[in-house]
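A.B. asks: Got chain C; can you put chain F on it based on the hints?
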Amino acid sequence: MSDPLTISEQALIDARGVVVAYGGQRSAFGRAKPEKRVLHGVDVVIGRGQTVGIVGESGSGKTTLGRALLGLVPVADGSIRFDRHEIVGLKEDALRPLRKRMQMIFQDPMSSLNPRHDIRHILIAPLLLHGLARDRREAEVQVRAVLDRVGLPASALERYPHELSGGQRQRVGIARAVVLAPDFVLADEIVSGLDVSTQAQVLQLLGELKRDMNLSMAFISHDLSVVRAVCDRVYVLSGGRVVEQGACEQVFASPHHDYTKVLIDAIPLPVIDPQWLGRGQRST
Amino acid sequence: MRVIAAVLAKRIGMAIVTLFGVAVVVFLLLRVAPGDPVAMMIGAGASAADVAELRARYGLDQPLLVQFGIWLAGVLRGDFGVSISLHRDVLELLSERLPATLELATAACAVAVGLGGAIAIAGTLVRGRKAEAAVDGVNGLMLAVPDFVWALAFVLVLGVLWPVLPLSGRMDPSVGVPFVSHFYLIESLLRGRFAIAGDIVAHMVMPVLALALPLAAVIVRILKEALSEAMMQDYVLVARVKGFSESRLVIGEALRNAVGPTLALTGVQFTFLIGGTVIVERIFAYPGIGAMAIDAVINRDLPLIQGLVLVFGALFILVNLAVDLGAVALNPRLRHGG
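Residue numbers (our numbering), protein chains in the order written: chain C, 1 to 284; chain F, 1 to 338.
Okay, chain C solo, but in the shape it has when bound (with noise of 0.2 Å):
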């Protein structure tokens, strides 16, 4: 369990040495933009129905490595494979028939949920597309029923983006991933955007949701509190690089690399804690 290694075998996702890199391709005129690096030779894996967090400040890289498991970005260098499938370097018509085995939540509900569209087409239309469903009769039955899984009622279907509530939105968001019956789910600071007691019962919605599909899902969150309580195993992600990685409790009890013991006094203490004062002189 703590070493990534041993459960290789039989991981979902295992990336190696990923590096990613933007601009340094040639505009139309044959200028080349210098090259920026996001990630520099990042490995990841993710075993079968296990959840991964991914943390890291703003700008450690951890969207772009999420996306890159997606096969969402262009990798520049390494290897990443999907249930043993090689998706670097492939086109997005031969990813295709493994797209809807892998899906995404977003952040922002709303900019991720397209204004002109309503519920139900857009948790009807991939349905159709990969086939899953054989006339709009029968995705309509299986769309309730994802529905209702999430806790939203029927009637959501026929409204717009705009006429629903955050958290109702994030529930959409979740429907939208689970009715195509992925095995991975990319979670992309889902709840950052959320009250605290609409996060609680979103997460609370993903971990059934993950035990009864037994999905495997990569958590990506700046917050900490968070990844601790849904995750199997974490990533720390500084600059680029993973810094630390092991499995959750092991990395929150006794971190390693001083980054993520900064990562982890950030986190704002769910009870008083006597010892408060003397913490912050204990970890630094």
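In case anyone wonders, no lab produced these hints; they're calculated from the structure.
Positions of the beta carbon are idealized from the N, C-alpha and C atoms, including for glycine.
The reader is advised that the hints may include incorrect statements.
Pair ranges (Cβ atoms, derived) [what the hints assert, rightly or not]:
1. C:Glu208 <-> F:Val138: 50 to 58 Å
2. F:Leu8 <-> C:Pro97: 47 to 55 Å
3. F:Val177 <-> C:Pro97: 56 to 64 Å
4. F:Ala322 <-> C:Ile267: 41 to 49 Å
5. F:Gly169 <-> C:Tyr22: 55 to 63 Å
Non-contacting residues of chain F with respect to chain C, defined by C-beta distances greater than 12 Å in every case (computed) [said to hold, decoys possible]:
6. Ala46
7. Leu158
8. Leu255
C.D. replies: Just chain F, lined up with the frame of chain C:
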């Protein structure tokens, strides 16, 4: 629907005020501008008495305010007066000529939207590649060349060097068709006279393209920019995660969100396009209100100019109203009054 009704009511009220303003301004400007309609009508050797009599017949000897009052009262009754140069009822002239211009301008607008939309979508699909630079280059050329230069270029190439298209008019003059309306193209299509419709379309190709190309270029500029903006939104990434193809991302996801500014701009540009018909109709001797406007100005045909300007004004207002209603209908957030 309630929102649309409210928009309509407000706009109709504003339209009446605007048209009244247009009427006042054009009436005053024409009276202040140099040039005497009576001098244009009458021979050089006419006596002062003849001039005075003609002046009195057209009411031009009355004070300005009285002239305006007489004209406005007439307009409200549907009487736009009699053309000084053509000696015919202005309303009758307008109703003969306006359909020709409407067919021309609508066709040009449709071509511009179709062509501009296609180029913008194609350019978005190849973005980041060398083909995008080619698309932008062609578009820059379309944008830089004005409609009347396109018209002259088409005349030279398709009318003279390689004469495949008729150079002037609305249809072959040897074809006698008892049309009941002045919408020749629509009527010939409705009556199944496709040979005649084909002839009318052949006459329209060059003027339509000349009017459409600059408008298409503006549409490409705005739509392509809005599309590339929309393509960076999270919901497009979501759609990519869903496994949608690139063309479905552009057309199914981004386009409806990107089309708002283009629609508004097309409305504004459509009014410029109606203005463009003045010169383009002249070049192709196309019998619309644009060509008639030039003759009316040259002849100082005051009632006809006034009638024409009112029609142009009404068209501008109608087009803008249609654009606003279209925007409401397209955007669910506006539709529900939110």
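A.B. asks: Take the hints in turn and mark each one as holding or not.
C.D. replies: Do the hints match the structure? See the list:
1. Taking 50 to 58 Å as the suggested C-beta distance range, the pair C:Glu208 and F:Val138 conforms, at roughly 55 Å.
2. The hinted window of 47 to 55 Å between F:Leu8 and C:Pro97 holds, with their beta carbons roughly 50 Å apart.
3. A C-beta distance of roughly 59 Å is found between F:Val177 and C:Pro97, which places it inside the suggested range of 56 to 64 Å.
4. Restraint check, F:Ala322 to C:Ile267: a C-beta distance of roughly 57 Å breaks the suggested window 41 to 49 Å.
5. Checked against the hint of 55 to 63 Å, the pair F:Gly169 and C:Tyr22 passes, with Cβ atoms roughly 58 Å apart.
6. Interface exclusion of F:Ala46 from chain C stands, the closest Cβ pair being 67 Å apart, more than 12 Å.
7. Taking the minimum C-beta to C-beta distance to chain C, about 32 Å, the non-interface status of F:Leu158 holds against the 12 Å cut.
8. For F:Leu255, the requirement that its beta carbon stay farther than 12 Å from each beta carbon of chain C is not met, with the minimum near 9 Å.
Comparing the model with each earlier hint shows violations of hints 4 and 8; every other hint is respected.
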